[in-house]
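> Those protein sequence lines, which keep their order, are chains A and B. At position 214 of the first sequence the residue is numbered 217 (the working numbering), and the sequence of numbers has no breaks. At position 26 of the second sequence the residue is numbered 30 (the working numbering), and the sequence of numbers has no breaks.
Don't read these hints as lab results, they were simulated from the structure. Please note that a few of the clues may not be correct.
[As the list claims (entries may be wrong)] Listed below are several chain A residues computed to face chain B (Cβ distance under 7 Å; list not exhaustive):
| no. | residue |
| --- | --- |
| 1 | 47 |
| 2 | 60 |
| 3 | 227 |
[Unchecked claim] Computed footprint of chain B on chain A; a stretch qualifies when at least three of its residues, placed anywhere within it, have a C-beta under 8 Å from a C-beta of chain B:
| no. | region |
| --- | --- |
| 4 | 90-103 |
| 5 | 214-223 |
| 6 | 228-242 |
Everything numeric in this text was worked out from a predicted model, so none of it was measured. All C-beta atoms in this analysis are idealised placements derived from N, C-alpha and C, irrespective of residue type, glycine included.
In case you want the letters, here they are:
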Amino acid sequence: MNWFKYSSPQTFFPLAGKLAVWFGVLAAIACAVGLYLGFFVAPTDAQQGEAYRIIFVHVPAAWMSMFLYLVMAFWAGLGLAFNTRLSGMMASAIAPTGALFTFLALWTGSLWGKPTWGTWWVWDARLTSELILLFLYFGFIALQAAIDDPRRADKAGAVLALVGVVNIPIIYFSVKWWNTLHQGASVSLTKAPTMAATMLTGMAVMAFGFWFYSIAAALMRARCIMLERERASEWAADYARGSA
Amino acid sequence: MSWDSLENFLAMGGYAFYVWGSYLVTLGLVVAEIVLLALRRRSALAGLRRHGTGAQGYR
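Modelling step: build the complete structure from the supplied sequences, incorporating the hints.
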């Protein structure tokens, strides 16, 4: 398969449209199954009661907030290195969805923290570095919006995105490096998970749901960006006329 | 299954505000993102029909 075939907006546009629909459907199915597992199959937590059910949205949102940043920085770096048009569009397309999940991780974490920790917010290492992640997303979006020439906006954004990558391991390892309020990981690559199997399954299925949703949303946004930036090209005008 | 009635389910063991506050805001923001994407697509297409190739006065 020739991957470069899809590296131009004209050929990627229809593919992105098809993929977005499929990932949207998969996201809806995974979230429905995940919510069913989370609310009707997973048992009540012995210590936290029903408040723990927030984790089915909190943990997947927090995972996505970090993962999407890495994917965004990957595309941004690719665009910077090879000067490919589509890479910058993909980075810009991911940023708002990444910011959304970062906000949700903070919001749901706050709603979980109040009944279990007794506080909405503390300047704990995990919480603070996640808040910095939200500002990095906002900074990336604002910087790109402030530069009129899209190619220059891509380059400036890419530098910011790549520098900000240093924050991701800080968030991930914050619960190990600093002994503050946020608890350590219940799920890790090296140890057996410390939670009931049904809770873990529900969380994993929700994570897949959020992942598929992010792909669908980013592809839909990439399609908008392609139409906005390719105004001078024949295919975009043809497409607009065809969908009137 | 931990629920024997709809009231119990909605009460979430006394944590209704926190649990539903998390899920409703998540749902609301996801719906908002989808609506904003649809609006952005519409305005991009409208812009193309007005100013796209062949139309006068673009750049």
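> Compare the structure with each hint and give your call.
Here's how the hints hold up against the structure:
For residue 47 (chain A), the shortest C-beta to C-beta distance to chain B is roughly 5 Å, which falls under 7 Å, so the interface hint holds. Checking residue 60 (chain A) against chain B by beta carbon gives a least distance of about 5 Å; that is within 7 Å, so the hint holds. The interface hint given for residue 227 (chain A) holds, since its Cβ lies 5 Å from the closest Cβ of chain B, which is under the 7 Å cut-off. Closer than 8 Å: that is the beta-carbon criterion, and the region 90-103 of chain A has 3 residues meeting it against chain B, so the requirement of 3 holds.
Only residues whose C-beta sits within less than 8 Å of a C-beta in chain B count toward coverage, and the region 214-223 of chain A has 3 of them, enough to reach three; the restraint holds. Three residues within the 8 Å Cβ limit are the bar, and the region 228-242 of chain A against chain B gives 9, so the coverage statement holds.
Violation of the numbered hints given earlier is absent; every hint is satisfied by the structure.
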